[in-house]
Amino acid sequence: MSDSTMTNTMLRKNDLKLKIAVYVVSIAIVLLILLPFVLMMAENVLHPETYTMDSTGRLTKIVYNNVSVINSFKNSMLVTVGATFLNVYFSSLTAYAITAYEWKLKTVFSNLITAFMMLPNTIALIGFYQLTWKFHLINNLMMLILPAVATPLTVFFMRMYLQATFSMSIVESGRLDGASEFRIFNQIVLPMLKPAMATQIIFAFVSNWYNTFVPSIILIDDKAKTLALTPSPEWLLVLPPIIVYLICSRFIVEGVALGSVKT
Amino acid sequence: MTNRNNISRHYTKWGYIFVLPFVVIFLAFNFYPLICTIWYAFCDLRRFDNPGPRFLPTIGEPWYRNFQQVFEAVSFRDAFKNTLMFFFATTIPEWLLAFWLAAAITDRRLGIKGKTLYKTAFIFPKLISGSTLSGLLLEHLVMFTASTVGFVYVAAMINGFGFEMQDFKFFFSNRFLVIVVSVIIHFGITFIYAVAGITSIPVEVFEAAEIDGANRPQTFFHITLPCMKPIMFFISVVALVDGLGTSDVPSAFGLFDTLRLCLTMNMYIINQAYMGSYIYDRASAASLILLGLIGIGALVIYFVFIRDKDEAKLRKMIRKEKREAKRLKETA
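Going down the list, the sequences are from chains A and B.
So for the first sequence, this note's numbering puts the first residue at 1068; every next one is plus one.
So for the second sequence, this note's numbering puts the first residue at 4; every next one is plus one.
By construction, these hints were calculated from the structure, which means they are not laboratory data.
Result set (EDC-like, lysine to aspartate or glutamate): computed pairs, CA atoms no more than 20 Å apart in a straight line:
1. LYS116/B / ASP1082/A
2. LYS1080/A / ASP110/B
3. LYS1173/A / GLU314/B
4. LYS1141/A / GLU1301/A
5. LYS16/B / GLU1239/A
6. LYS1201/A / ASP1288/A
7. LYS172/B / ASP81/B
8. LYS16/B / GLU1248/A
9. LYS1084/A / ASP110/B
Output of the computed footprint for chain A on chain B, the stretches with three or more beta carbons under 8 Å from beta carbons of chain A:
10. 28-40
11. 103-110
12. 138-150
13. 263-276
14. 283-297
Every residue gets a Cβ at the ideal spot worked out from N, C-alpha and C, and that includes glycine.
Make the full structure from the sequences, and use the hints.
As structure tokens, then:
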């Protein structure tokens, strides 16, 4: 016990073991996930024709309908970009309203958000489908974009981030300079939220881009279908989320003050 | 002080204005459908050409008919059991793996290199989820797991450790494959949030712990975890909703799953409502049961992470004193 050098070397030995274990496990998972992807992409580039097995068991070449692919790509972009933007922007706005202002129903509202963020999508889906049917909004892309304004999970995340980083004095200095409340939010608070927004943009973009379940129920017409619902080249489907991830992941700065302050 | 209060009251209206879009859209697209779903659970709403929802007692049926039918269905009971089983069997290893890796990779003393590569790779299944590539990745992972199990089985047979085919039965079943693949595919999200939480803790705290001679497990359980309580709440809610509502990986085995080994509650609801059955009322009842299950889980999470015991006690005391002061005032 008294010999501190001995404990030090023991510690270092333990460190080495742990280090090896961490490297082995993480590299194994990396290989397990990335290797098949790289092989498949290489295959895709070398042999761009894709085959599928038809009902008789013969391989047939898939011929993509370029017009419908381009059209559905446009639809997908519209839905995904629109929904992601609305989701992140209005969630930040709601979170800011909860953090910065003192209003009567504030506590009730923020507790309700905490409760509603646990609602999974499937539960309200039957009602959502009936609503779409009743108001003749089938094939309307707005039904996929507009609901993104109210996403309790993102609001909770943004609020958590704001509570840790936000200080009222910044807002007050903005008010002294004569900025309107809306401008303070857009030009002062939003840039502060960048790391949290980057995280949420990635998840929102990915989940909207690959969403097949709700669109497959609501979008019946071929012209309204999104890319995930139409037969399309693999690379076109996979590329946008990867690009968004590569752009946004740079903004997820390490060491952001998230979670260090209690709610 | 009063002046300041006046100023903040002047800005109060902006709080209401800023939450207005959220409230309107929420009421229209989330709350109204939810109320409808609850209503349909007590209604008769079947077939594609239904005449609209009719409240059950008005057509001479007991109000609990849908729930009764759901509970009587063997497939639902299987789905219920499977959902709980998959939730615990995937969440526990997933969290162990994610938190262990996150704590080790962010440890300054270890100095692990290649963090960006790991992060990208771990989140990768999520980035390509939904495409055919994701299906191929899934297939690849299943092949890998199955062949590993087969390899271990053969090795055990050759060595003659006294294993029987029966001992390996679970590892050859679809359930085991679903669990392993779900863990690999989903743990990236937990990992990313865990890393964000750990890196947000000020370095000085860890340094202080180091100087005081805390070892790694002590640092993790007594410093890291308590410091990242809010994000732990977020992670566990995501795990709860994703875990109980899981359908993506199990449904990959759906076609050949005649024994209902991988049927989950979410898949049951989808089958009832949309896969050509149009039994909306029974699906609504099943949805409500799933909602109740999530509610129970949410309560547990709330009491573990959010409720501050000391704060609740303090609030109780304040309320008591206020009451006392009121009483004194009245008597005086």
